[in-house]
Amino acid sequence: MFTRFQVFNTPVLPGTKLQGTTILNKSVTQRPDITLRYNQNVFSIAFSSLGLGMSVRNKFQYKLEGFNNEWLSTDGGRRTLTFTNIDPGKYRLRVRHEGDSDPGQEAYLQINILPPFWKTTPAYFLYLGLGIILLLLGRRLTIRRANIRFQMALQKRESERVHELDMLKLKFFTNVSHEFRTPISLILSPVEQLLKHTEDNALKRQYQLIYRNARRLLGLVNQLLDFRKLEKNELRLYPTVGNIVSFVKEITLSFTDLAEKKNIDYHFHASAEDIQTS
Numbered sequence: 001m002f003t004r005f006q007v008f009n010t011p012v013l014p015g016t017k018l019q020g021t022t023i024l025n026k027s028v029t030q031r032p033d034i035t036l037r038y039n040q041n042v043f044s045i046a047f048s049s050l051g052l053g054m055s056v057r058n059k060f061q062y063k064l065e066g067f068n069n070e071w072l073s074t075d076g077g078r079r080t081l082t083f084t085n086i087d088p089g090k091y092r093l094r095v096r097h098e099g100d101s102d103p104g105q106e107a108y109l110q111i112n113i114l115p116p117f118w119k120t121t122p123a124y125f126l127y128l129g130l131g132i133i134l135l136l137l138g139r140r141l142t143i144r145r146a147n148i149r150f151q152m153a154l155q156k157r158e159s160e161r162v163h164e165l166d167m168l169k170l171k172f173f174t175n176v177s178h179e180f181r182t183p184i185s186l187i188l189s190p191v192e193q194l195l196k197h198t199e200d201n202a203l204k205r206q207y208q209l210i211y212r213n214a215r216r217l218l219g220l221v222n223q224l225l226d227f228r229k230l231e232k233n234e235l236r237l238y239p240t241v242g243n244i245v246s247f248v249k250e251i252t253l254s255f256t257d258l259a260e261k262k263n264i265d266y267h268f269h270a271s272a273e274d275i276q277t278s
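Mapping the sequence shown onto this note's numbering, position 117 (from 1) lands on 117, and the numbers just tick up by one.
These aren't lab readings, by the way, just hints derived from the structure by calculation. Wrong hints could be hidden among the right ones.
To be verified - List time: in silico DSS-like cross-link candidates among lysine-lysine, alpha-carbon distance up to 30 Å: (1) K26 with K59; (2) K262 with K249; (3) K90 with K26; (4) K261 with K249; (5) K196 with K249.
Assemble the whole structure, with the sequences as input and the hints as a guide.
The structure is reproduced here in structure tokens:
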């Protein structure tokens with residue numbers, strides 16, 4: 001029969017709490033089922049023999065089914081069995097006299113060691129639920145990233161298309177500007193000849209107006225051509241010193257005929273004939 005039960009060398013009595021739990025509800029001699037927590041897996045059990053003297057020459061056998069399946073021998077000098085670091089599970093301790101195969105003469109004890117919470121069935125369901133949630137979140141994140149990459153690809157293609165369209169427009173403007181430049185240049189040359197050989201002031205004034213506007217139109221065409229340089233970051237600023245009076249006067253003279261047609265008294269006056277600016 002079993003006489004004493006210990007956990008970590010601490011005797012366990014019926015109704016006594018150990019680490020907040022009651023292990024024995026009745027004496028260990030009555031062979032109760034013992035339930036231990038996972039951190040109470042070092043325990044000792046003392047036993048005694050009925051009907052025979054406890055001589056050191058008496059031989060006993062024991063085994064903890066579920067832990068070892070072979071009978072181990074001990075003598076009367078060792079009356080306490082100690083087990084350490086037993087894994088969670090259900091075990092059955094059996095003790096008998098050596099060579100006694102009658103189960104009715106055995107002492108047995110059912111010992112259950114509970115697993116920690118993180119190894120219980122609810123914990124596994126929790127792990128499964130968390131795993132499913134993580135998979136769903138990962139799938140959602142993957143789909144979201146795929147959508148972002150798809151949107152970025154669409155934006156890139158749209159940007160390339162717009163850029164290509166802009167380049168086509170710029171090429172068209174450049175080609176048209178070159179086409180404008182040639183006839184304007186052809187207009188300037190005969191007008192210059194007319195200015196040189198005309199003595200009539202009225203005609204000369206008209207020729208000067210044509211010449212100025214043609215030059216202005218040529219300057220606008222050149223600006224269109226410079227726009228392509230600006231697109232390619234090739235346009236540079238080259239400041240120079242010039243007469244601001246003659247520059248503004250030339251611009252105002254381009255509108256004299258228009259002012260006359262609309263009966264506008266239109267004149268240009270400057271306090272000096274030459275003002276150099278840069």
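Report task. For the pair supplied as a hint, K196 and K249, confirm whether the alpha-carbon distance does not exceed 30 Å. Result -> holds, 21 Å
Report task. Below or equal to 30 Å on CA atoms is what counts here, so check K90 against K26. Result -> The hint holds at about 20 Å.
Query raised in the report: For the pair supplied as a hint, K26 and K59, is the alpha-carbon distance within the 30 Å limit?
Result: With a Cα-Cα distance of about 29 Å, the restraint between K26 and K59 holds, given a limit of 30 Å.
Requested in this report: Measure nothing beyond the straight line between the CA atoms of K261 and K249; if it is 30 Å or shorter, mark the hint as holding.
Outcome: With Cα atoms ~20 Å apart, K261 and K249 stay inside 30 Å; holds.
Query raised in the report: Taking 30 Å as the top limit, are the C-alpha atoms of K262 and K249 close enough?
Result: holds, 20 Å
The structure meets every hint from the earlier list without exception.
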